[in-house]
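What follows is each chain in one-letter form.
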Amino acid sequence: MSRRLTLYTRLGCCLCEEMKEVVRRVAGKLALEMEEIDVDSEPELAERHGNEVPVLFIDGRKAFKVRVTIRELERKLLG
Amino acid sequence: MSARTLFASMKKLLKVAGFFAVALVVLVVALVLAFYHLIQVGEFRRFLVSELEKRTRLRASVGSAEVRLGKVTGISFGNLALLEPDTGRPVMTSERVLVRVALLPLLERRLDFYEIRFQQPTLKLAGDERGEVRLLELLLPTLSPDQEQGPFSLDLRQLKVEKGELVFFDRREGQALAPIRFRDIDLTLRRLSGQALLGSPGEKAPQGGQSKRVGPGVDFALKAIVERNGSGARLESQGKVVSPDGELRLERMWLDAETQIDSMPLGLFADYYGSALPAAAMRGKIGGRVRWRGIPGEQVQVKGAVELSELEIDAPQFFAAQIAPGGARVELEVEWQPEEVRLARVDWRSDEVSFALRGTLNWRHKNDPELKLQFSTPFLPFVKARKYLPLRVFGSPTLEQWAGAVEQGEISFVRIGMDGHLSEIRKRSAPGMIGFEAELQDLGGRLPGEGHLPWRGVSGRVIVEDGVLYYRGIKGVFGNSRISELNGVHRGIMGEAGMVEVRARGEVDLAELGALPGSRLAAPSMAQAHAQLKELSGRGKFDISLRKAAMAPYQAEGRLAVESAALRVADFSFSQVRGEIGFSPKEIRLEKVSGLMAGAPVRASGILNLTGRSPFDLTFDSPGVKAGVVAKMLLGLGSPEDPGTVRGTIRYQGALASAEDKRVSGTLELVGAQFPLFRQPLRDLSGKLRFDGGGIDFQGLKGRLAGSAFEFRGQWRYAEKPQLVFALNAPEMDLGPLFTQIGDATGEWYDRLQARGRVGIKRARYENIEFSDLQTDLVLDRRTWRLGNFSARSQEGAIQGSGSFTDGPENLSFAIESQVHGVPVKGFLSWFNMKTTEVTGNVHITGRLDSSGKTGAERKRNLNGAFHLELEDGVLQRLSILVRILNLLDLSRWFTLQLPDINQQGIRFRRITGDFNVSRGVYSTQNLLVDSDDLRLSGAGKIDGVEGDVDLVVAVRPFPRVTSAVSSIPLIGRGLAAIKNSFLVASFRVSGSADNPIVIPAPLSTLSEFFFGALDIPKSLMGLPGEERK
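Residue numbers (our numbering), protein chains in the order written: chain R, 17 to 95; chain X, 49 to 1078.
Bound conformation, chain R alone (with noise of 0.2 Å):
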């Protein structure tokens, strides 16, 4: 079943680059549907996640904010 994960980034953000990079890898271990959103985009989602970004969501839960290793993500995946 594919985990549905989406990524609440923002432009020029060098630890957005970092994590998509880190859920690119593992997309390709493992089947993820992935959805990126800026934050910037809506005052809300700014002024909820605007200073912890990139946060990510699996499946609609937080799981995940600024860092995360590729380890990290695949134990929490497949947990």
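If you're looking for bench data, these hints aren't it; they were derived computationally from the structure.
Any given hint might turn out to be false.
[Unchecked claim] Once the Cα atoms are required to be at most 27 Å apart in a straight line, the calculated DSS-like pairs of lysine-lysine come out as:
| no. | chain 1 | residue 1 | chain 2 | residue 2 |
| --- | --- | --- | --- | --- |
| 1 | X | K288 | X | K208 |
| 2 | R | K81 | X | K640 |
| 3 | X | K640 | R | K78 |
| 4 | X | K680 | R | K36 |
| 5 | X | K874 | X | K810 |
| 6 | X | K172 | X | K208 |
| 7 | R | K45 | R | K81 |
| 8 | X | K102 | X | K172 |
| 9 | X | K475 | X | K523 |
| 10 | X | K736 | R | K81 |
| 11 | X | K750 | X | K874 |
| 12 | X | K736 | R | K36 |
| 13 | X | K172 | X | K271 |
| 14 | X | K736 | X | K810 |
| 15 | X | K680 | X | K750 |
| 16 | X | K736 | X | K680 |
| 17 | X | K634 | X | K596 |
| 18 | R | K36 | X | K750 |
[As the list claims (entries may be wrong)] According to the in silico footprint, chain R covers these stretches of chain X (three or more CB under 8 Å from chain R):
| no. | stretch |
| --- | --- |
| 19 | 646–652 |
| 20 | 672–678 |
Note that the Cβ used here is the ideal one computed from N, Cα and C, for glycine as well.
Model the placement of chain X on the given structure of chain R, informed by the hints.
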């Protein structure tokens, strides 16, 4: 009743009426006759003159008299004059005086005069030293009760002036005032009865009047026109004047009068009473109706309403400019005493201002009135009310500046109090002498000058008391910032040295805070930080106390909570900044401040010390910031957009602007970072950097330079030389990019770099030179790279040596001293971008070379040095010079021995050697030797490496191992010699282009001994050049 009866009654009544009519006519005739008789006697004239002189104390003269009968019965005198007894100057003249007579006493042959009418009298009076007119003192005595003297009595009950004129001259010292003229005077003075003197029920009796005998009194009605300097006013007054103790001086008499004035020039009033008022000039007109009660010399109550029009007042002691309220209505209730005025109620209403005034003014000290006044006003438009504020009294530029800046809103003075002599108030000798309490409502305005924000909606209370300005509950909007509550005190507002203590809460627009001029920031460190601040926006809530001691800068204490702020310091932008900033007189503390730097989260904490030498101690930490941002911030290199991530903590201590006084410490982890240290930036850098005050430790850095991976570790020490000590290892690296900084304008950091390290590169390349197993010590000293203990393998050979390269901004120079062992010719030549298939073998070179130049061609031209060249075990194939020489020899034709085919197999040699000197790109040698079994060749001359020209003398001995040769060898010019024992030698001059040289035989005599030695030919076998010439 029948008609007859009625007729009889009427007849009787007519008879009675006829009797009384006849009797009356007889009586009148009798009276007239008696009256006429008495006048004719002339005694009455004397009596009248005597009485007037006695009562007025003036000399009187009366003209002829005549009896008047009719509606008014009396005696009319012409030309009445009252003269000063000493000078004879007329005080009063009247064309006609009518003295009215009581009819009944005439029956007793007595004349009682009860009224005098002055018709068109003219009076000339002078004021006394106090400027008062003693008209009543002149007239009242005439109304005194009389004692009978013979047949006459002057018992005047009424005195009238009709169409009179009075000219009043002021005698006060130092005054030169125009006279006041009263014209069209209609005055009626009527002696009061005893009951009238006591007053009507409910009225206040004369002071002390009820317990004493009440003296003479009159009631009066006056109408006149007052004129001065061509302008006039209508005056009406009526009332009564009573002398409580019989003294007939107005100032001692009790007065109860009502006066109405229409449009009296205020200047007239000001001339007489202005000295008592703190005004330099007053203009306009005054009118109104007032009631006066009291004894002028003691106390008078004045009550009524005054209308002022066209009013202008100059009172520089109170107001900065002339005030011109125009029309005003003043309702007043004043108690006047000779040296004091008590203002029970003065309510001023005009178009612009209204106020109520209470208090007292006294003049016990002449020209320096003592004021005890309390003003109060309803809410007034500030802009209109401003000019009426007596701010000059406070002598406070601060107050005047603020008042002048107001553009809208209202103010209500709950009270303005003054207590003290005017001179003392103006000198502010005691702070408690003046004060006020004002309620502000919706004020707006802007102070002039840079950095002052406009304010609006300002409300609250301002109090000045005992020289202290209090702010109570002030709120309003300043620019885009809002103060929700401000309380505080400002001591010493009237002096130079003030002290301010204010506590304020509200919401601040950070952009306005950032726009404050740096000069207004007290602490140098704040000004320093402010100077670095390029942009600041967002909002914050503050609760802060400001304190400013005399001659000291502002000190702040409190908190500023920031929400979603943005700021830019130098090139670095922070957004969504939130957190708390604490202020104290000694420091500004960042607490829980977080934000985004280039989109990455950053937390900051620390202090800005406002007093010490090291003002900053700030710590920033982040889970990841763009490497470009960090490189720009810490090294001033690259672009904030450069890729990669830097995470970790940096602590910044010291001064912001001074490099000497700052200290940066922390630990950073690089992930895929890029730093443009060289023209080819370092890419994909990972590893750790540890900072401290002394330098940076590079721990396990990995990255790529010009596409080559490397590992790097080392230390950077700021205070040491070299700063950088390192070890660099790479599996493969192109060294070229390291030496191509020419023309790079961003090399400032590189200009200063001093480093020492060890470099190990498995496979290296520098331009066309390829190395393997490169190991070298490297010292980099401001663009000069010194290689020591250099060793590498290249093209199966080995290179050792040392050298230096100066990578100057305009050119590249080098000096190398090296040994090359066993590098194949092909590979060796490829180092210099040259190719050949004509020569093979292994190259050995030992020597030194140096050059400099911007381009390769330039460096080629500037090449200098010396080296020993040795090629071993190679083959010369199709070497054009050699081919031509051998063709000339045409050896195959002349010798039975078979030479190898140089075109097919080449000539195998054991060794080629030569010592070369290089000067400006020209190689010269005197001992070039080719040692081969097939031939031995020696040469000397020059090869121009720049132009590609050669100029050589070459000697060739074929078959050096052949000991005998054919007996005859054709001579080819003078360059070929048949020598004993079959030795053969030929010499040639080779010149021109190296690719297409000109080869011509050269005489053997041109050869030096080296050639013969090198060719292994005993010189004794040769004809000496000198001999040949013979």
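Hints and how they fare:
Distance hint between K288/X and K208/X is fulfilled; the C-alpha atoms sit about 15 Å from each other, no more than 27 Å. Taken as a hint, the K81/R and K640/X pair is honoured in the structure, with Cα atoms around 19 Å apart against an allowance of 27 Å. This hinted pair checks out: K640/X and K78/R have alpha carbons roughly 23 Å apart, not beyond 27 Å. A distance of roughly 25 Å separates the Cα atoms of K680/X and K36/R; the hinted pair therefore holds under the 27 Å criterion.
With a CA separation close to 22 Å, the supplied pair K874/X and K810/X stays within the 27 Å bound. Between K172/X and K208/X the alpha-carbon distance is near 17 Å, which keeps this suggested pair within the 27 Å criterion. For the hint pairing K45/R with K81/R, the CA-to-CA distance comes to about 22 Å; that is within 27 Å, so the pair holds. Between K102/X and K172/X, the direct Cα distance comes to roughly 20 Å. Compliance with the 27 Å bound is thereby established for this hinted pair.
Between K475/X and K523/X, the direct Cα distance comes to roughly 33 Å. Violation of the 27 Å bound is thereby established for this hinted pair. The straight-line distance between the Cα atoms of K736/X and K81/R is roughly 23 Å, inside the 27 Å bound, and the hint therefore holds. Of the pairs offered as hints, the one joining K750/X and K874/X is violated, with about 36 Å between alpha carbons and a cut-off of 27 Å exceeded. Annotation: proposed proximity of K736/X to K36/R holds, straight-line Cα distance about 23 Å (limit 27 Å).
For the hint linking K172/X to K271/X, the alpha-carbon distance of about 18 Å falls within 27 Å, and the restraint holds. Straight-line distance between C-alpha atoms of K736/X and K810/X comes to about 24 Å, which keeps the hinted pair within the 27 Å bound. Between the alpha carbons of K680/X and K750/X the distance comes to roughly 20 Å, so the proposed pair stays at or under 27 Å and holds. Between K736/X and K680/X, the direct Cα distance comes to roughly 18 Å. Compliance with the 27 Å bound is thereby established for this hinted pair.
Straight-line distance between C-alpha atoms of K634/X and K596/X comes to about 14 Å, which keeps the hinted pair within the 27 Å bound. Simply put, K36/R and K750/X have alpha-carbon atoms about 22 Å apart, close enough for the 27 Å limit, and the pair holds. Look at the stretch 646–652 of chain X against chain R: 4 of its residues bring a Cβ nearer than 8 Å to a Cβ of that chain, three or more, so the hint holds. For a cut-off of 8 Å, the count of residues in the stretch 672–678 of chain X with a CB near a CB of chain R stands at 4, and the three-residue condition holds.
Against the hints set out earlier in the document, violations occur for numbers 9, 11.
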